[in-house]
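Just so you know, the protein sequences line up as chains V and F, in that order.
Numbering-wise (the numbering used here), the first sequence opens with residue 1440 and increments by one.
Numbering-wise (the numbering used here), the second sequence opens with residue 1440 and increments by one.
You may find that some hints are simply not true.
[Unchecked claim] Chain F stretches covered by chain V per the calculated footprint, using a threshold of three residues with CB under 8 Å from any CB of chain V: (1) 1483 to 1493; (2) 1509 to 1517; (3) 1566 to 1574; (4) 1759 to 1771; (5) 1845 to 1859; (6) 1881 to 1892.
In case anyone wonders, no lab produced these hints; they're calculated from the structure.
Every residue gets a Cβ at the ideal spot worked out from N, C-alpha and C, and that includes glycine.
There are 2 protein chains.
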Amino acid sequence: MDSWPAGTPSGADLHLDLTTGRARGLGLRAALEDALRGSVRDGRLAPGTRLPPSRSLAADLGIARNTVAEAYAQLTAEGWLTARQGSGTVVAERGAPAPVATPGLPQRAPAARYDFTPGRPDLGLFPRTAWLAAARRALAAAPNEALGYSDPRGRIELRRALADYLARVRGVRTDPERIVVCTGYTQAVGLLCRTLHERGVRRAAIEEYGLPQQQHLVETGGLTAVTLPLDASGARTDLLGPTGVGLVTLTPAHQFPTGVALHPARRAAAVEWARQSGGLVVEDDYDGELRYDRQPVGALQALDPELVAYVGTASKSLAPGLRLGWLVLPAELVEPVTRQKYLADGHSGVFEQLTMAEFITSGGLDRHVRRCRQHYRRRRDLLLTTLAERAPQVRVTGLAAGLHAVLQLPPGGLSERELLAQAGWLGLSVNAASGCRAAAAGPAEERPPALVIGYGTPPEHAFAGAVDALCRLLTL
Amino acid sequence: MDSWPAGTPSGADLHLDLTTGRARGLGLRAALEDALRGSVRDGRLAPGTRLPPSRSLAADLGIARNTVAEAYAQLTAEGWLTARQGSGTVVAERGAPAPVATPGLPQRAPAARYDFTPGRPDLGLFPRTAWLAAARRALAAAPNEALGYSDPRGRIELRRALADYLARVRGVRTDPERIVVCTGYTQAVGLLCRTLHERGVRRAAIEEYGLPQQQHLVETGGLTAVTLPLDASGARTDLLGPTGVGLVTLTPAHQFPTGVALHPARRAAAVEWARQSGGLVVEDDYDGELRYDRQPVGALQALDPELVAYVGTASKSLAPGLRLGWLVLPAELVEPVTRQKYLADGHSGVFEQLTMAEFITSGGLDRHVRRCRQHYRRRRDLLLTTLAERAPQVRVTGLAAGLHAVLQLPPGGLSERELLAQAGWLGLSVNAASGCRAAAAGPAEERPPALVIGYGTPPEHAFAGAVDALCRLLTL
């Protein structure tokens, strides 16, 4: 790497290395600009330094004068240099910018060898070939306008496919005009909270135990969270009346994490509360398609589509990375929620939407869900029989559906905190039930330890080993 | 379509039509459930109605008793029916839900025959084959974990590719750790405003003329908008000092809509303001790659990466439907903006991200942008020469870059309002400059009419006709 010493009548000593830029495929002028920028940036050319006239620098570098003059003009336009009438070109005055350094983002813990983190499907099941084929068909059929700015509610092709699918598989009552495609539950609950906040709602009820981030999501939407206790029939929706909330989020088909299906009386109570108070029920139907011992419990939304906003997702049935979800809305919320979606991100990506529409209408999703159900049922059965044999003191609940189970340990053994620490030594990642407790619920009563086991998460080759490590943990 | 009359000891007269469900491929039990749900829903089975014992209904329908019992159990679980000890199964008490009706969303105006709406690329240029090929390669190379919940900043593959690309093409100074992938400028400005709002910022400056929705976006992020006047050198960043804002959004490379490149002194003033006030400059680099008469003006961000948040997008260079954008952040904003992204939607879709990374690193994006530049330059030249010939009284500005031009009409002719009305009759969609004026800027001074012409928007086959219609409008 040579560098050209350049004659500098103003006394500065330019060392401009054009070879680096040239080696990166830049033209002469661009390479010169690059070198000049670098010199200003790292302080070799200090603010106020006068540059040689273009004619001299061109001669020194053995390039055309015009090339130098154009490079000066470009860097002047970008603010690196200043052209002063009568005194030529000088390096612009400005404080030296801080160096670009990698900020210290909290690093993730290294992946555990055996990962039972709940809420994740087995990503090895993702139907890559079928999905790509659907993408190809969808893109081939899409008109050009489909690639542009689009209806904030999402593409009509997907909303039509979803209306049929959700009616058939989840008993949802809808038409395509009431569906807003979004990126998943996180965005859906944000849109709903912001919509209701604009109408004066300030408080939302969430389940006492749920997604670890559920309270944050509600609060980001501008609402204060209060919690609803859980019992063996699910969330205590019968207690909603005096809370004064304007919105309640529920997981009716399969409570997260307890796994309970909301009792019919509690379903009725939720709808009744909404009718009398003017409130909104948000139904988080995150794994409604995955049920093993009986057919899926239909959507709560069907009890009254004007009082329940249904939220579904492809995160469990296909892959979280897709960021595809959907809202089915009461009629009067369609317009304001659509406006919030528009302000949040315009609309969801159309390529995934068109592919998903094709995947649903071609029957690909049904085939895939059927395959997933068999796969997870096998895992569940292996987990159950192994635990019954090797850790019979553990009570396993919430297994009729979805991708996770709750293991309740007898009192008097290790605490949840001790279990998590020991799990680390076994290369095992599990969640404690207390980690799903909403902060707004305050400290829990003293209760025996429980673990939430996401048995969808381990890759297939590691599943048996993961169950073995889990049994070792439970018998410590 | 037959229906079975069913014996009903309680006096109700069930008309259960199983054929509809059967024709849709449902099994017997599902078809029965469907028919029962329908009857409850539309009121044929009123709340409180006692259903026949499963044995009688089974006999009436000629199906197994167990099938009926299971259907009753399912509908009880879903809340349609209630099982009463000793008195059999009755229809649950609840008000009749309102019918599902299509809400009256404001419909879009029918598409104009000739569409010059600014801010849109020619979607016919989208490289469908190359994009699909990149998607195939990207998905084949992706590990399973890439399909799961991901780093809120986006996939490392894309952040690496962007860091190289933006340095090379836009002179952005960054590394992959400072990039947050998002869905475009709309989301980016929301994330930034919410982040600064948490730090106590309450006011943001926007350009007097800009994206029609720019003020809404800032306000959705919780900030109050004040406006910065524009002149021939671009935004009056020299006036930022007394405004007391904590953030300013700028379009330095190509002001929207005027098309001016921000003058070097104004670039310096923006950075100087940020340095002295602790404020943040947001650089909206929406069409930085598309410049015709000279090489692109480098990113303002390079003047000081710790004071400028750079926002780029694939909406103009590829397609808005992708919903792909990126933030390059000052180090100390990476963590809080990442947190806002996590709360907004978890992370952006990984499929588009991986495809875009592959598209960039394989050189596909460079090839595509080169092709676009030639295409738009041809259009621009045709527009310019045709206008010079047929409407020489019109002054055309802002044409050195991007996808739009401003046509300034001499005073004394039609007003902007009259021009838009006449355009409608000609099947022409154009924007008036006044439509880009921020509400916060108050009413504009009286000035001659100007139109903002997005010459990327018409499909290729309609372009010559669109220019012709435009000339007819301008010579009315």
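Checklist entry - Hints broken by the structure, by number, lowest first? => result Hint check: 1, 5 and 6 fail, others pass.
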